[in-house]
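K.L.:
Residues per chain are reported as follows:
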Amino acid sequence: MTSIPESSPVPVQVSDGVHDHQFDDAAQQQEAATLGMWLFLATEVLFFGGLFTGYTVYRSAYPKAFGEASRHLDIVLGTVNTGVLLLSSFSMAMAVQSAQLGKRWRLLGFLTSTAVLGAAFLAIKFTEYAHKFHEHLVPGLQFAFAGSESPHAQLFFSFYFAMTGLHALHMIIGIVMIVVLMVLTLANTFGPEYHTPIETIGLYWHFVDIIWVFLFPLLYLVSR
Amino acid sequence: MSNTIVSTRTYVATFVLLLVLLAMTIAAAYFPLGRFNWVAAMTISAAKTALIASYFMHLRSSHRLVWIAACAGCFWLALLMILSLTDFWTRGWLQP
Amino acid sequence: MLIELPFWPQEASTVAGSVDVLSLFLALVAFFFSFLIFLLIFFFAIRYRRRPGLAATPVPTRLSLEVLWTAVPLGLTAVMFTWGSGLYMHNQQDPPGAMNIYVVGKQWMWTVEHLEGRREIGELHVPIGRPVKLILASQDVIHDFFIPAFRVKQDVVPGRYTTLWFEATRIGSYRLVCAQYCGTRHSGMIGNVVVMQPQDYQNWLASGADDPPAKAGERLFHTFSCAGCHELQASQKGPPLIGMYGKSVRMESGETVAFDDGYIRESILNPNEKVVEGYRPIMPTFRNQLNEDEIIQMIAYIRSLGTGDAKP
Amino acid sequence: MTYADVHENYLNASWGWRSWLLTRDHKRIALLYLISITLFFFVGGFFALLIRLELLTPAGDLVQAETYNKLFTMHGLIMIFFFLIPSIPSVLGNFLIPLMIGARDLAFPRLNLLSWYIYIVGGVFTLAAVVTGGVDTGWTFYTPYSSTYANSNVILTALGIFITGFSSILTGLNFIVTIHKMRAPGLTWFRLPLFIWAHYATSLIMVLGTPVLAISITLILLERSFHIGIFDPKLGGDPLLFQHLFWFYSHPAVYIMILPGMGVVSEIITCYSRKKIFGYTFVALSSLAIAALGFLVWGHHMFVSGQSPFAGMVFSMLSFLVAIPSGIKVFNWTATLYKGSISFDAPMLYALGFIGLFTIGGLTGLFLATLAVDVHVHDTYFVIAHFHYIMVGGAVMAYFGGIHFWWPKITGRLYPEVWARIAALIVFIGFNLTFFPQFLLGYLGMPRRYHAYPEEFQVWNVMSTAGASILGLGYLIPIIYLLWSLRYGRVATENPWNAKGLEWQTPSPPPETNFAATPIVTEEAYSYDIHT
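Listed in order, the protein sequences are those of chains A, B, C and D. Numbered by numbering that gives the first Met the number 0, the letters in the first sequence go through residues 0 to 223 in order. Numbered by numbering that gives the first Met the number 0, the letters in the second sequence go through residues 0 to 95 in order. Numbered by numbering that gives the first Met the number 0, the letters in the third sequence go through residues 0 to 311 in order. Numbered by numbering that gives the first Met the number 0, the letters in the fourth sequence go through residues 0 to 531 in order.
Quick caveat, the hints were computed from the structure, so don't treat them as lab data. Just to be clear, a hint being listed does not mean it is correct.
[Said to hold, decoys possible] One-sided and incomplete, this derived list gives chain C residues near chain D with beta-carbon spacing under 10 Å:
#1 T13
#2 S17
#3 F42
#4 E65
#5 G83
#6 M88
#7 L114
#8 R118
#9 P157
#10 C181
#11 R286
Every residue, glycine too, gets a C-beta built ideally from N, C-alpha and C.
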């Protein structure tokens, strides 16, 4: 067990600094990364898909209770939040464009605005959670819902919290990754030649946006 | 494919369209259409998804494989839903 | 001492024989193909074992063979599917005139309630030669009601009723087991089905009868003041219950629902999800006041008020 | 002098524990998996041993009911999630996919290492659950037992399984991208070894199925810790919804276990009969067909669950369909032997054993797909026997065959042939003795997961336990001689079996970058009969 310090675990690099040694060139690496991220998004579709399936089953079984429970959600906050998230997606798309064009400060600006909008979304979301808490609409915590549909309404709110909670978790992960990208941008990592991480994390961000695009009508607009 | 740079104008147009669709989905929710409320909401959401995916996510200019990956996720979700619902929606059929 | 090797379970119900015939057919197919593959492997392995100076001979893929071994299994499985599904559908539908017995599974025992008033735990007495329909409820987790000698099995799912029917064909005592894992003493949730002559069954019913469940249900009906709204005749507040059991009833939503055990159970627990046409959703829930046994007693009472014209 | 001194290779390229624990070399990561999976295999095997000992007598007298329930639960969880699912893909797939397609590494080496760490973290959680009292829900986590009634370590275990799932997802993702993007020049899809096709199909299931398991387990976690209650019947929730979500992954998971084994068998059969595989295209595409159809059959686990009978019929029909591509494979392997030049080295014995046992396992699956018969045999020992024929008789046999076949490539040493053949025979005999009686037990009506059972079932149970002890011996022998061979085995040449495939065209063990120069492929897979 003689550990020779020089022989680091990093394998022999045939890399030119732009792509890793297992790839032939930067284009191959970027295609691989993009495909990898899309495959990951496919798994995410199925992850949320389980919830969507459950939601569909119960909503078709208890349409009345789901309609009534849904009217307890704040449609104004929900709409504002949808707008905020769509805007953040736009901002992320602009960030990718800035990276492609090699405009570093513009890139930094758009990344910052994406992260800030994401944080704003979360802030609004948590305000809504606080309201639900006060109204005793959190399942498991002295849930109280007038009327005999109470248990089924509780099912609705179980879905509400599970779906928006997991969505919020994805948002938080996204924001953390964008902050990392901001640091890397400051360190001058990206340019027209290399911006794969911005693209792939951008894909992730848009995907989280798409999930919300479905959650919003399913939760807020059941029966108005 | 990432070398296709999408213009700012396209991005702005996409965003504005998304806002229009958002307004539509809310408006549609207040029309009493029965079951079609749900259909309308999902159709509009699908349209929004198509916009985000094609423009923001550059699916339009992406490799065919990426298309397949994107569709695979949706297709498998459809399998999960359809086959699960064949159970839930045919439960009462045997009873008179 | 001669060890007796059991190979085949007893057959004691009308469906057991037909299930066994199908099983034997499947066993035959399975045996044929296993034998074929084993034989071919052995034959090729010996015939074409490696010997010096003898090389392998290239054999091109033959499409006809591929088609053959796609088509033959396809045909055979089509037969299995048709046969299996046909028999299954037949075995699922209870014949008209079956006698109902209510069974509740709870960790870790079966309680059985005969409409005539006899209750038992871990045992089920039934008459021979008469279709019996079990209405199965669970007080806690998922159980499974399995009588190997009858070849019938049905999960017992909390929150709803499942049903199972059989017609016993041989006098005797058969094992009844829980086949769905339900916790610590799952393997102790085991009992006997006793098949008796109809007369013996009648005597047995009479010998230790408690109050019939309908009687207990009637008491509950009064304890919970159900009659306040559900006067036995038509009323302003709640729909009448006399002669309703088994009828088809129109709901406020426009759909038609069978007024059966499942509907009564749901209406006691979630009264306002399906409201009878012409009434308002004002009934409170009795979710936390009644257990599965008591709900069954209520159903028995409502059933005793007379059945409708539709199939009971 | 150790084997690693032979030439510069991935084993002697760098030294010290950091060079292993921080490695990004797919070959080293494969070895990390090999070691950890072997440990889990013996933990799971130990539980199996205790289960069989308990069942020696009808009375539950060896351990208490509660303990017994934990034993079969932990046996299932560890064997499925920590041994069978990662076994062939993570060890042999990791090692061989880049070698077989002429690449320097997988597409995402860091992700690959991360997958191993995730696997280990998940394993630590699960083992922690075992040590701190165990879990007794059955590996299926059926609600409401798991969400409300069980008093054991459900949360910790479920977290472990949830975490491990990501290891599986990331591995599958890595394989798919690698196979798409990194094949050597000339290596077109229909020149790929069938091992690659099988792993491609497996990866599809991992990527598209595992997330559904993740969400169903998440919902159990939420239900248990926050009482949100999506499956709670008291709120109108439906326990069957959980079963749908669970089996949407867990049925295809069976194909995650068996498909890579089929890939291994295709490699071995061709090599030891010196033949091109019969019906290459059919074998290749049947892997994809199994992966796709495998997603459509989960409802056959729910024929007696209270599922709608009509859904039962749909699932029954689809279940029969998935039997067809499996049959195609078996027939093509058998036909490959025809006019071959067959030798009976240990890997070939395992491969032939695989075909036989998989055939039995597959054919008894027809009983379970047939609605009326499944009603009787569902949740009995018949099911246990059936899936052990597939998973132990199939997947584990293939895994052992593959480990022997590529052992010289992985370690640079040859295993002792005579011992290996003896062990293969012992495994085959022990296996059949253990599991065949369970078919009879099942049809007789012995339910699964029973701590104590009626006396009339004892004879078959004794036979099964006796077989299990032989089987256990059969598994111990290879561990001993394979470890022995690391030091004393004969040094392997580049291509000891004279096999085709790119992995045999580089030194054993391979250098760190796999190939001195990127190979160029000019011929179809398994061109044995052309050049010999």
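K.L.:
Any hints this thing doesn't respect? Which numbers, in order?
P.N.:
1, 7, 8
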